[in-house]
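Protein chains in written order, with the working numbering: chain A, 1 to 219; chain B, 1001 to 1116; chain C, 2001 to 2386; chain D, 3001 to 3154.
Rather than coming from a laboratory, the hints here were simulated on the basis of the structure. Misleading hints may appear alongside valid ones.
[Unchecked claim] The calculated PhoX-like cross-link candidates involving lysine-lysine, where the alpha carbons are at most 25 Å apart (straight line), are:
hint, chain 1, residue 1, chain 2, residue 2
1, C, Lys2047, B, Lys1045
2, A, Lys88, B, Lys1034
3, D, Lys3142, C, Lys2311
4, A, Lys88, D, Lys3142
5, C, Lys2189, C, Lys2199
6, C, Lys2199, A, Lys88
7, A, Lys95, B, Lys1031
8, D, Lys3136, A, Lys95
9, D, Lys3142, C, Lys2251
10, D, Lys3145, A, Lys88
11, B, Lys1045, D, Lys3136
12, C, Lys2260, D, Lys3077
13, C, Lys2104, D, Lys3020
14, B, Lys1045, C, Lys2264
15, C, Lys2251, C, Lys2264
16, C, Lys2199, C, Lys2047
17, C, Lys2307, C, Lys2104
18, C, Lys2104, D, Lys3145
19, B, Lys1031, A, Lys163
20, D, Lys3020, A, Lys88
21, B, Lys1036, A, Lys88
22, D, Lys3077, C, Lys2313
23, A, Lys170, B, Lys1036
24, B, Lys1110, A, Lys95
[Unchecked claim] Distance ranges between label pairs, derived from CB positions:
hint, chain 1, residue 1, chain 2, residue 2, range
25, A, Met15, B, Glu1084, 37 to 47 Å
26, C, Lys2313, A, Ala63, 47 to 57 Å
27, B, Ala1015, A, Thr23, 17 to 27 Å
28, C, Gly2142, A, Gly66, 18 to 28 Å
29, D, Val3063, C, Pro2016, 42 to 52 Å
30, A, Ser24, D, Glu3151, 52 to 62 Å
31, C, Tyr2197, B, Ala1015, 52 to 62 Å
32, A, Met15, C, Tyr2197, 48 to 58 Å
33, B, Phe1096, A, Arg169, 24 to 34 Å
34, B, Val1052, A, Gln76, 54 to 64 Å
35, A, Gln76, C, Pro2016, 35 to 45 Å
36, A, Thr187, D, Glu3151, 52 to 62 Å
37, A, Ala63, C, Pro2016, 40 to 50 Å
All values reported here derive from a predicted model rather than from experimental measurement. Using N, Cα and C, we set each Cβ at its ideal position, and we do this for glycine too.
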Amino acid sequence: MGVITEKLPIYIEPMPGGSMVLTSMDFMINWAHANSLWPLTFGTSCCAIEVMMAAGASNHDLARFGAEVARATPRQADLLVVAGTIVKRMAPILKTLYAQMGEPRYVIATGSCAISGGPFVFNSYTTIRGVDQLIPVDVYVPGCPPRPEAFFYGLLTLQRMIKEGETVRKPGIRRKPVMAALPEGITIADIQAELAALLDRNATVNVPQQCKERDLDEP
Amino acid sequence: MNYFLVLLFIGLTGAFVFGGLIASFLIAPHKPGKVKNSPYECGEKPMGSAWVQFNVGYYLFALLFLVFDVEAAFLYPWAVVLREVGVAGLMEAGVFILILLSALVYAWRKGVLEWV
Amino acid sequence: MSIRVTTLDEKIHEIPTNESPMASQEYFVNMGPQHPSTHGVLRLVLKMDGETVREILPVLGYIHRGIEKKGEHIGYRQFVHLTDRLDYLSALANNWAVSMVVEKAMNIELNDRIQTIRTIMAELQRIQSHQLWWGVFGMDLGAFTPFLYGFRDREKITTILEETIGARLTMNYIQPGGLMFDIQPDFAKKVKEFISYFKPKLEEYETLVSNNVIFEQRMKNVGILDAATAVSIGTTGPVLRASGVAHDLRKDEPYGVYGKVQFKVAVGSVGDSWDRYRVRIEEMRQSIQIVEQLIDNIPEGKTLVMKPAIKIKLPAGNYYSHIETARGIFGVFVVADGTDRPYRIHLRTPNFNNLWAVTVTAPGWRLADLVTILSSLDIVVPDIDR
Amino acid sequence: MSPDDLVAAVIAIESGVAKKDLCDRLAVNVLPETLLKFMQRLHDDPQLAFDMLYTHTAVDYPVENRIELIYQLYSVKQRHYLMVATSVKRDKPEISSVSSIWRIAEWHEREVYDLFGVLYDGHPDLRRLFLDDDWKGFPLRKDYKDDFMLERPE
Chain A
1 MGVITEKLPI
11 YIEPMPGGSM
21 VLTSMDFMIN
31 WAHANSLWPL
41 TFGTSCCAIE
51 VMMAAGASNH
61 DLARFGAEVA
71 RATPRQADLL
81 VVAGTIVKRM
91 APILKTLYAQ
101 MGEPRYVIAT
111 GSCAISGGPF
121 VFNSYTTIRG
131 VDQLIPVDVY
141 VPGCPPRPEA
151 FFYGLLTLQR
161 MIKEGETVRK
171 PGIRRKPVMA
181 ALPEGITIAD
191 IQAELAALLD
201 RNATVNVPQQ
211 CKERDLDEP
Chain B
1001 MNYFLVLLFI
1011 GLTGAFVFGG
1021 LIASFLIAPH
1031 KPGKVKNSPY
1041 ECGEKPMGSA
1051 WVQFNVGYYL
1061 FALLFLVFDV
1071 EAAFLYPWAV
1081 VLREVGVAGL
1091 MEAGVFILIL
1101 LSALVYAWRK
1111 GVLEWV
Chain C
2001 MSIRVTTLDE
2011 KIHEIPTNES
2021 PMASQEYFVN
2031 MGPQHPSTHG
2041 VLRLVLKMDG
2051 ETVREILPVL
2061 GYIHRGIEKK
2071 GEHIGYRQFV
2081 HLTDRLDYLS
2091 ALANNWAVSM
2101 VVEKAMNIEL
2111 NDRIQTIRTI
2121 MAELQRIQSH
2131 QLWWGVFGMD
2141 LGAFTPFLYG
2151 FRDREKITTI
2161 LEETIGARLT
2171 MNYIQPGGLM
2181 FDIQPDFAKK
2191 VKEFISYFKP
2201 KLEEYETLVS
2211 NNVIFEQRMK
2221 NVGILDAATA
2231 VSIGTTGPVL
2241 RASGVAHDLR
2251 KDEPYGVYGK
2261 VQFKVAVGSV
2271 GDSWDRYRVR
2281 IEEMRQSIQI
2291 VEQLIDNIPE
2301 GKTLVMKPAI
2311 KIKLPAGNYY
2321 SHIETARGIF
2331 GVFVVADGTD
2341 RPYRIHLRTP
2351 NFNNLWAVTV
2361 TAPGWRLADL
2371 VTILSSLDIV
2381 VPDIDR
Chain D
3001 MSPDDLVAAV
3011 IAIESGVAKK
3021 DLCDRLAVNV
3031 LPETLLKFMQ
3041 RLHDDPQLAF
3051 DMLYTHTAVD
3061 YPVENRIELI
3071 YQLYSVKQRH
3081 YLMVATSVKR
3091 DKPEISSVSS
3101 IWRIAEWHER
3111 EVYDLFGVLY
3121 DGHPDLRRLF
3131 LDDDWKGFPL
3141 RKDYKDDFML
3151 ERPE
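Generate coordinates for the entire structure from the input sequences, incorporating the hints supplied.
Spelled out as structure tokens, the structure:
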């Protein structure tokens, strides 16, 4: 497993008895928060099995990322993984749980039910269409249910998000690293341009013309 | 016998304990809210009050535990100096343990350990 | 004619909190929707006296998504994928039940290959579901190791199923008229490898939990459900069989190739948590035996005998068929009106009846025993709320 | 007991009992007033011994202004299955509760009240099962309108 090498902004001060590491307080606190996120055991339906249990069990080990300590009470948890459908009757309870968590608290919405209501968007008189109507969400992990690896990628994105932006003076304000996920040299404008071009060029599929372009003989 | 080391020891423990508390008080964000301060009951609004008369057995059990915890605490320094105090020390500790054992037997006979 | 509609708060106030012999007051506490040992969002309002549970009031609806209402607006084939989200630990059996209703209504004849593969898959999923139950049961009783052991072996089956089906949890594989895909060429080899791997591991389960005297004492004579109450509450599956009633659909109404396979129905005697535990462990062995008998001679043939038309239209009428899942009988009752959408679809789910056994068996026990009983009933909550 | 003499025995119990057609399994129709007595006989008669209620549900027919109540019974001793159906009017859906015969009926009936609005006489604890107590309307009725529910754009 490759070691996650990050540029550690630290400065080593040689001292008579050895050397002392000087670093900014923010970095130290964020580094501690990010690498020891304690999730709250909050699984309502199918995602609970896949994202909370299978990811935390021996095969896909959540302990590699420091998040395997699943606490039962919101007092001791700082990561709320919304795994499953939230219905109207569960909404006030989710808000109470979120309010009762300690301050540096993060939310990962896993599964399409938590993101947008999933398979129960239409004709369901109780399903809340998306958890971000109830509580602020940091990272969305799509899938129904998402694979444990997808949940790990969401967790790593959250860890990068914590390490990059948050400062002690302004808790709770974080920069979403979606931009950071773009490879170097690519900007949003390029993507939009490409999409616009794609949309009108590929409005119709013209197989014979594309076969001529790729000089494939006619089937 | 210079007592400077003892003073240093007390200072260090004090610094260690209160340092942690002060640091977390300064750094950690404080946002007490009405919902956050309400007791946690699995997400629901708390039902009834916690001030309710419950079984006296819990209190007696706690007392017994306290007694034997303190007894263990006393035996540690005794175990360290066992060589110097020799057999006399052993006899004293034996009497000390015997007294506490009789307390246990008395509590047992009175039915404190029976759980309703 | 006394019809009185009450609400939850009225019901709670009605329950008398009398003085208990030790002059200690009884109080209400929430074992609420977010609780590690309720396996989902089940809320139990408990009337407690000190540590002893006097009365239980299950409150449901925290994951009620209205699947039956949605069922009236989508086709039969689309409804199959909704049943994965009910009891997500026996998704294949749920798919099979819906497919069976449609096939019986349109009297479609299935060839042996489809029936055999369906039976093998359902039995593999039964083992997988019991493994998860065994792991979580250990965790509920306070031991974390069974959780890791159970999931380590469960992942092996998940990988085999994923290769053929493509999904880890929500299978959507058995569709009306056959199967979504054919099995992988090395499917039989992998299953045999798994079986030879898992048999010694099952002995390991026994030494870890079954022969452990602490577990034994926490389970023996805890939460006794006698046969008459079990039948009156309509519990099915391992819970009913542990109470001594040998009602197993695989024997009483054989479907698939269960008629041609030799296996014993594990039946308990007293109906306590220990018997429920033993019945499930024995069922794992029987499932391995079934898969062993079938895995070598899977007959050849097509895996889809019906044109995969999207529009399946059932002739008007009431149809009901049920299947034995890992937790009990999962029944699908369809009222069809000739169009491609069911007029009404009702799901008889095993966990709904198994849950209410808690209200009968747990009063009088301590809170820790209540957790043992609840976990030995193996409840999956979205299956209750639908 | 073979199916047809089971049906014959069942029909002989009460006057208004008739075989229900269009069903893939044995089913009978019963008049709502005689339901409780009929079910008691089904449960107590050693020949029939229907001691397990698989499930109890309802089907809403707004056009015929009736709600059909379905009881699916099974006998663990005799290993036979029977579906009993009866109907109540939509505007005054009241029927006697069978929870005195099978304990699980108490909670199935609460679910049917919750989703269909059928009132059960003699039910020990009739209240909503899944939805909040102050929920307006009964969702599984065909004419249930709700501004929260999204209809699929056809």
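These are the hints, each one checked on the structure:
1. C:Lys2047 with B:Lys1045: Satisfied, since the Cα-Cα distance of roughly 16 Å is no more than 25 Å.
2. A:Lys88 with B:Lys1034: holds, 22 Å
3. D:Lys3142 with C:Lys2311: holds, 22 Å
4. A:Lys88 with D:Lys3142: The hint holds at about 21 Å.
5. C:Lys2189 with C:Lys2199: Answer holds: Lys2189 (chain C) to Lys2199 (chain C) is near 16 Å, not above 25 Å.
6. C:Lys2199 with A:Lys88: With a Cα-Cα distance of about 45 Å, the restraint between Lys2199 (chain C) and Lys88 (chain A) is violated, given a limit of 25 Å.
7. A:Lys95 with B:Lys1031: holds, 16 Å
8. D:Lys3136 with A:Lys95: holds, 23 Å
9. D:Lys3142 with C:Lys2251: Not OK: Lys3142 (chain D) and Lys2251 (chain C) at ~38 Å, beyond 25 Å, violated.
10. D:Lys3145 with A:Lys88: With a Cα-Cα distance of about 17 Å, the restraint between Lys3145 (chain D) and Lys88 (chain A) holds, given a limit of 25 Å.
11. B:Lys1045 with D:Lys3136: Holds: Lys1045 (chain B) and Lys3136 (chain D) sit about 23 Å apart, inside 25 Å.
12. C:Lys2260 with D:Lys3077: holds, 24 Å
13. C:Lys2104 with D:Lys3020: Distance of about 18 Å is within 25 Å: holds.
14. B:Lys1045 with C:Lys2264: The given pair, whose Cα atoms are some 49 Å apart, is violated under the 25 Å limit.
15. C:Lys2251 with C:Lys2264: holds, 9 Å
16. C:Lys2199 with C:Lys2047: violated, 44 Å
17. C:Lys2307 with C:Lys2104: holds, 16 Å
18. C:Lys2104 with D:Lys3145: Between Lys2104 (chain C) and Lys3145 (chain D) the Cα gap is close to 34 Å, so the pair fails against 25 Å, i.e. violated.
19. B:Lys1031 with A:Lys163: Answer holds: Lys1031 (chain B) to Lys163 (chain A) is near 22 Å, not above 25 Å.
20. D:Lys3020 with A:Lys88: Outside the cut-off at roughly 39 Å; violated.
21. B:Lys1036 with A:Lys88: Judged against 25 Å, a Cα distance of about 21 Å means the pair holds.
22. D:Lys3077 with C:Lys2313: Distance of about 37 Å is beyond 25 Å: violated.
23. A:Lys170 with B:Lys1036: holds, 20 Å
24. B:Lys1110 with A:Lys95: violated, 49 Å
25. A:Met15 with B:Glu1084: 37 to 47 Å: holds, 42 Å
26. C:Lys2313 with A:Ala63: 47 to 57 Å: About 52 Å separates the Cβ atoms of Lys2313 (chain C) and Ala63 (chain A), which means 47 to 57 Å holds.
27. B:Ala1015 with A:Thr23: 17 to 27 Å: holds, 22 Å
28. C:Gly2142 with A:Gly66: 18 to 28 Å: holds, 24 Å
29. D:Val3063 with C:Pro2016: 42 to 52 Å: holds, 48 Å
30. A:Ser24 with D:Glu3151: 52 to 62 Å: Roughly 54 Å apart at Cβ, these two residues keep to the hinted range, so it holds.
31. C:Tyr2197 with B:Ala1015: 52 to 62 Å: Since Tyr2197 (chain C) and Ala1015 (chain B) have Cβ atoms about 56 Å apart, the given range 52 to 62 Å holds.
32. A:Met15 with C:Tyr2197: 48 to 58 Å: holds, 56 Å
33. B:Phe1096 with A:Arg169: 24 to 34 Å: violated, 57 Å
34. B:Val1052 with A:Gln76: 54 to 64 Å: With Cβ atoms ~25 Å apart, the hint is violated.
35. A:Gln76 with C:Pro2016: 35 to 45 Å: Holds, since Gln76 (chain A) and Pro2016 (chain C) (Cβ atoms, about 36 Å apart) stay within the stated range.
36. A:Thr187 with D:Glu3151: 52 to 62 Å: violated, 40 Å
37. A:Ala63 with C:Pro2016: 40 to 50 Å: 49 Å Cβ-Cβ, so the 40 to 50 Å window holds.
Hint compliance for this structure: hints 6, 9, 14, 16, 18, 20, 22, 24, 33, 34, 36 are not met, and every other hint is.
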